[in-house]
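Trainee: Sequence:
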Amino acid sequence: MADGNANTHSKEQGLLVGNGENRSMQSVRPENPRAVGGPLSDPAQPKATVTAVDAGVSTSGLRTLRDALASHQALEAQGPTVAAATIASPGTVSAAVDHPIDTQRWAGQKPLATGFSQLVEELLALPTPPVSCLCLVGFVDPGLVAATAATLALNLAQRDRNVLLIDGDLTFGALSRRAGQTGRSGMIEILNESALWRRAMCRTSCVALTFLPVGRGVLSCAVDEVGRWDSLLQNVRLRFDTVVVSGGIWDAHSIAVCRACDRTLPVVELGTTPCAPTERGVAELKAAAVTTAGCIVFG
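Under the numbering used here, think of the first position of the sequence shown as 777, with each following residue one higher.
If you're looking for bench data, these hints aren't it; they were derived computationally from the structure.
One or more of the hints may lead you astray.
[Said to hold, decoys possible] When the alpha-carbon atoms are kept at most 25 angstroms apart in a straight line, the in silico DMTMM-like pairs for lysine to aspartate or glutamate are as follows:
#	residue 1	residue 2
1	K1062	D878
2	K1062	D1017
3	K1062	D1038
Based on the sequences and whatever the hints tell you, model everything.
Mentor: Put into structure tokens, the structure is as follows:
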């Protein structure tokens, strides 16, 4: 992991190893923090312009984080009133939600893997850059993705992290369904209508955990409109130090969130995840100029 004090944070991280049914959890203690993740992209390299990772998904209009921040700085130069109308100050959440979501509604039907506690401890031991993104990939069962993402986000929030949990699964939206938020605006509205993030964010019973539901309807044909990401990406940078994306990580919208973060770590459960598709997906993240720092495996 690239960090000025990385050498003082020695840790063990699970890496995806083996093929087929012979895959196992392997702990590696790197001498050089950048060696974790092997051939994945070097966090020290600058982020390039995003490229399309799928023939059916256009990412050409997504703005880079620098563009978004430049827009924000330009608004600030025009005066505090204009800037405040565009992006909320840190710590504010949607007034549209009268009662916070009870995080117990995200409890999974199956017990999580035995290595989950170790995963949380390893994540907490990482040197923390301004924003880290943890994306759950390759899971076969959408319900398992939702339960794992929510539990991971809650554990991190309870350990002094400001966490944004995103339901990125536009097909199933399991997190939103379990929380009873299928009727609320969310990611889809942000993409389709440029809705302000304040209309979509939901409070939870854990103060440090904020939830962005999947939203309603389907994506329009213009999901790559330039201005749609400014509000969301600026808010991610200002308010959160950890983002957990549940599902949908190979889609352009989730890739844009990953690019807004300083470091992205795909999270995979051993034994339920086909190895080859996951490796291809991580390669696609690299091709889209996402700064990856290894692939965490637990189970």
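Trainee: Does each hint fit the structure? Answer for all of them.
Mentor: Outcome of the hint check:
no., hint, result
1, K1062 / D878, "36 angstroms, violated"
2, K1062 / D1017, "21 angstroms, holds"
3, K1062 / D1038, "13 angstroms, holds"
Consistency with the previously given hints fails for number 1 only.
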